[in-house]
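Protein chains: 4
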Amino acid sequence: MSFKSDNCGPAHPAIIEALTTANQGFAPSYGTDDLTARTEARLRDIFEAPEASVHLVATGTAANSLALSTLTQPWQTIFCTPLAHIHTDECHAPEFYTGGAKLSLVGEGDKMTPEALQTAIEGWTLGDVHCSQRGPVALTQVTEMGRVYSLEELAALTQTAARYDLPVHLDGARFANALVALDCTPAEMTWKAGIDAVSFGGTKNGCLGVEAVIFFNPAKAWEFELRRKRAAHLFSKHRFLAAQMLAYLTDDLWLDMARAANAKAARLAEGLRGVPDCVFLAEPQANMIFATLPRATHQRLMRGGAHYGLNQGPLDTGAPDEPLSMRLVCDWSIPEDAIDHFVTLAKGD
Amino acid sequence: MSFKSDNCGPAHPAIIEALTTANQGFAPSYGTDDLTARTEARLRDIFEAPEASVHLVATGTAANSLALSTLTQPWQTIFCTPLAHIHTDECHAPEFYTGGAKLSLVGEGDKMTPEALQTAIEGWTLGDVHCSQRGPVALTQVTEMGRVYSLEELAALTQTAARYDLPVHLDGARFANALVALDCTPAEMTWKAGIDAVSFGGTKNGCLGVEAVIFFNPAKAWEFELRRKRAAHLFSKHRFLAAQMLAYLTDDLWLDMARAANAKAARLAEGLRGVPDCVFLAEPQANMIFATLPRATHQRLMRGGAHYGLNQGPLDTGAPDEPLSMRLVCDWSIPEDAIDHFVTLAKGD
Amino acid sequence: MSFKSDNCGPAHPAIIEALTTANQGFAPSYGTDDLTARTEARLRDIFEAPEASVHLVATGTAANSLALSTLTQPWQTIFCTPLAHIHTDECHAPEFYTGGAKLSLVGEGDKMTPEALQTAIEGWTLGDVHCSQRGPVALTQVTEMGRVYSLEELAALTQTAARYDLPVHLDGARFANALVALDCTPAEMTWKAGIDAVSFGGTKNGCLGVEAVIFFNPAKAWEFELRRKRAAHLFSKHRFLAAQMLAYLTDDLWLDMARAANAKAARLAEGLRGVPDCVFLAEPQANMIFATLPRATHQRLMRGGAHYGLNQGPLDTGAPDEPLSMRLVCDWSIPEDAIDHFVTLAKGD
Amino acid sequence: MSFKSDNCGPAHPAIIEALTTANQGFAPSYGTDDLTARTEARLRDIFEAPEASVHLVATGTAANSLALSTLTQPWQTIFCTPLAHIHTDECHAPEFYTGGAKLSLVGEGDKMTPEALQTAIEGWTLGDVHCSQRGPVALTQVTEMGRVYSLEELAALTQTAARYDLPVHLDGARFANALVALDCTPAEMTWKAGIDAVSFGGTKNGCLGVEAVIFFNPAKAWEFELRRKRAAHLFSKHRFLAAQMLAYLTDDLWLDMARAANAKAARLAEGLRGVPDCVFLAEPQANMIFATLPRATHQRLMRGGAHYGLNQGPLDTGAPDEPLSMRLVCDWSIPEDAIDHFVTLAKGD
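Protein chains in written order, with this note's numbering: chain A, 1 to 349; chain B, 1 to 349; chain C, 1 to 349; chain D, 1 to 349.
Chain A on its own, in the form it takes in the complex:
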């Protein structure tokens, strides 16, 4: 009964099977193999971006850091929210990869508004050699609070960035979950909405460990290749990254898994609405739920074997009715009876 994270769940059997299939005889290394070429072509196809440069890496932090460092000079600042994964959960990988860029925090929550973005951008004076120079805007879709930017919201933000000639990166660790939530195409959620580069996640949605970095303008493709190798993220047996990604994209497996994960989170949210004193911190739109429950409810859940992220503590002392916040994540694999059991436990019936 684990709602800890979508990186705790298993890979989809079809992904594992693809590894076995790919494991036949010899293949050129370092991404020069056929399977990699086919995978890259498939991604370009799905994104309706025949010119895009496509690169595979094994971790989401690698995708974000390498993509951002390709877009950012060391004396520039990246604009992101205070909850952005790149700020809170990557142990300075963006700062390391960029050679010392700064992250300027926009607004207060998980989503930025065009107004807050503009204020942040103008917070650094253009042409002033003393201060941080303006750099890329970094968005996360699904956000770190489980919400999804609408296409209109994305367009408004990228238009703001464009007014200042700033590129926009999208951290799509949960790209598929957002896509099915919006029911749009990959192109619509990215380059058609003004996104320049995207970290297209596979790991959290049923792969073992693979992400694609996609630049819709391929001008910096070779620089990215050098950055990836220099950072030790170029796999020698690259076919095993490609095999995962290609299986992921075959027969809509990626969309099916994302739909399953979102549906399960919706079922869980529906159940939680009936739990006394459950307060949602954000409207769940994909596969994550942020809410508070009384301490006593958490104690009951944990005693009952539930695993999930408890964001504030301590659990064992303090008033039983004090609300403590939690993060619940559903992956494609979690059984519906686990969800129902969780709700039952929470209700304490």
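Rather than coming from a laboratory, the hints here were simulated on the basis of the structure.
Some hints here could point you the wrong way.
With a Cα cut of at most 35 Å, we get these calculated DSBU-like pairs of lysine-lysine [said to hold, decoys possible]: (1) A:Lys-4 to A:Lys-347; (2) A:Lys-192 to A:Lys-220; (3) D:Lys-220 to A:Lys-192; (4) A:Lys-220 to D:Lys-192; (5) B:Lys-4 to B:Lys-347; (6) A:Lys-220 to D:Lys-220; (7) C:Lys-4 to D:Lys-220; (8) C:Lys-220 to B:Lys-220; (9) A:Lys-192 to A:Lys-4; (10) C:Lys-347 to C:Lys-4; (11) D:Lys-4 to D:Lys-347; (12) C:Lys-192 to B:Lys-220; (13) D:Lys-4 to C:Lys-220; (14) D:Lys-220 to D:Lys-192; (15) D:Lys-192 to D:Lys-4; (16) C:Lys-4 to C:Lys-192; (17) C:Lys-192 to C:Lys-220; (18) B:Lys-192 to B:Lys-220; (19) A:Lys-4 to B:Lys-220; (20) A:Lys-220 to B:Lys-4; (21) C:Lys-220 to B:Lys-192; (22) B:Lys-4 to B:Lys-192.
Because the structure is a prediction, the values reported are computed rather than measured.
Chain A is already provided as a structure; the job is to place chains B, C and D on it using the hints.
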């Protein structure tokens, strides 16, 4: 008929199978799972090093760069040979990870001698703020020319380093191939010979992509963890790194594959001794052969479908009898008849 | 009539004269000369810190960045206010020198409180490999709004830092101005108040360009020397840095200049209190004044030849009575009649 | 009697005087003052380069590192000789400023040949993502052994670089000494010979501490400004850098001092030719002499009060007739009788 590299061959089926086995239900992420703990314990056991800190990464360059950066200050120089992989094949990953350390080249070839090492060390004056400060010694075992340091050679080098209080790192991308060539224990080839840290390779010897970094003194374990995360090399679904490594170490699979690879290279070398004008550039001691053949022989081999590294060219023009050097690598999987066919082609019978 | 900055004013003639005096014959280079040794001894004396390590550099940003990088690991965060010079005016020098450390902003203004500092520190979870690790606290004295921390305020902040085992750095670009404002000793304002390292400014207070970095615990003195050289901040003709600093510290010249600057700012503030619609943004405690005046008043001042920092604009359009903020800085040299003339102009009599 | 280094000698009185003259009233800071503008114009004039971008810094290592980092990507290698100051004497400043570029050593001595340069360039395969990418060529004029590249030699090297599309940087710490030795114009020794950027030294030739970085193509001027500020090398009281440089360039002072220094070195060399067992290691062409003398001669010189660089030791033990190498440097100020006395001492008459 590929002798291109041991990273072009397939993973061993038992390694793939271990992924399937590990892919059951939920597991804690980022290396906090049981499988990882068991794998680390197994490595400590094999190395007879109960105190050692053990860390898994997915690429050899990550292992080397992270290990070396933990041992090196940015103003220090790493001592390595001019053929060292860290110098010639990692696109400045060591310089990137260390924040600008230098690589000082020792001697002329793939193996360093204590005398050459001493000369290189003394080339940088102790206590002089203007010059490079003396840092770790980096050895490769199997060397980049396919040779193996004897235990006596290793000890002589580490003793030289110790006289200057310098730590020693071993790039063991082909650790198993060297080990079975020397017929010694992992402890004998590392800490008992004065090695402080080792990159213990799995990828080139039948895994998909996994290496272990081992520090025999665990004082910097937490720093390494931070460096690994900051570099985006901490896997969320870490069990899939652990599963590979544990299967690799089970029932001597790693040693069996290394023995197979070395035996195949020996068979190939034996065959090449009968090929006209074949000149060995180094005595093959593990699974790699460096030799020259006349241009015409190479042409015949390549027309016949052989794949391998041709280190100088061009192939198509110039005298047919001009010797061109090649690298031939045998992995555990290459069939014996491919070897024999290669020799037959080379002989041109 | 320049109130633009204390780095726009002239050096004191005695400082220039010291250069001439120092310019006799040959002297060992790179800080190994007698004059440097005497200067370092003088600083240790003034700070009552016989064990301290003392290092001269030419710019304040070099002093801050080198000092902080000696105290900060790349994966750590520095805690400073959002107005800190290291955040707003050093073009990522701290990030560059530290190899990618982060700056976590404490509170809202120019001074931090122990409570805000504690909140910021606890914002990064101890022992979590994913997030920023807790690093040094960086204070500025005089603050960027012209205020001065009392000794009690400093002690409360350093005690908070100490509870988390974090070192404290003091940016003393205007050290002397703060010291005479508090009427205390250098020791009282630094190590007796819990400060670990200080950037002791000379440039803004009558030197051409010299600052001292002082570590009260000299354990990292050699590392600092390497960092300074690696950053190209070790002067070959080092005697010319030392000569400035020694003259600065001779016969209380540094204190006299600071007292003069502060007194002039006090006279200016006193005058401004009589200017219609002048609103102080912070109580002036040293040699800087932050206040707002109506746009029309600014227009009159600038037409009259006044130079100073106008922090928001535009000057030429908009309502004449709209308040616009300014920064006025007095150095030791500004004539009293310039001050009085400024006030007269402002009053518009 | 100091022949230790030209950075041990005094500044020319006219340079000091210029500081006094510049020290009048208020001036805009950070290089926006008139004196700086005039100095930059003067440099453009002297170099017959009306489009060039000109930037002042205080140390030679800053000039080299900032210039090279502007020309070099972190994954590129700089080609220089094994004796290059940037390799042997800057404590990794080039590696630090470039973010981890490599220095590839060309040839064996202080001067590179086009053939050796070509070999070094081709040592790194074009388009191979694994290896160092080809970057700028870095020459030193006067070389680190006191020799001077002829204009033909410079042109041959820059033509080699140009065939590979690589820019060329000239470390001109002793630019003036080389210029008067060649009796050519600054333009002839730089852009007319194919040089792209130059570190134009003042410090070693009679200034306190000032160097100019000149890019003949100004495309990266703003990037350089950001790099200089980020590295803490932008002086607030910038007029004091400009004043030195402008005085240096006025009335041919720079050329007069260089001619004096070279003439004195020639006189010293002439004298040494009469010293028994004195062997020159390189033909002196500017203001430095590299030669060997028997140990006993060194002992006599040092007992007699001579200061100079003894490059190998120990002085006190070993055979009296063993040759030990030395470096003797003459600056503009050293008296002729000191030279003559040195020779007399060396002769042991």
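Quiz prompt | Numbers of the earlier hints that this structure fails to satisfy, in rising order | solution = none
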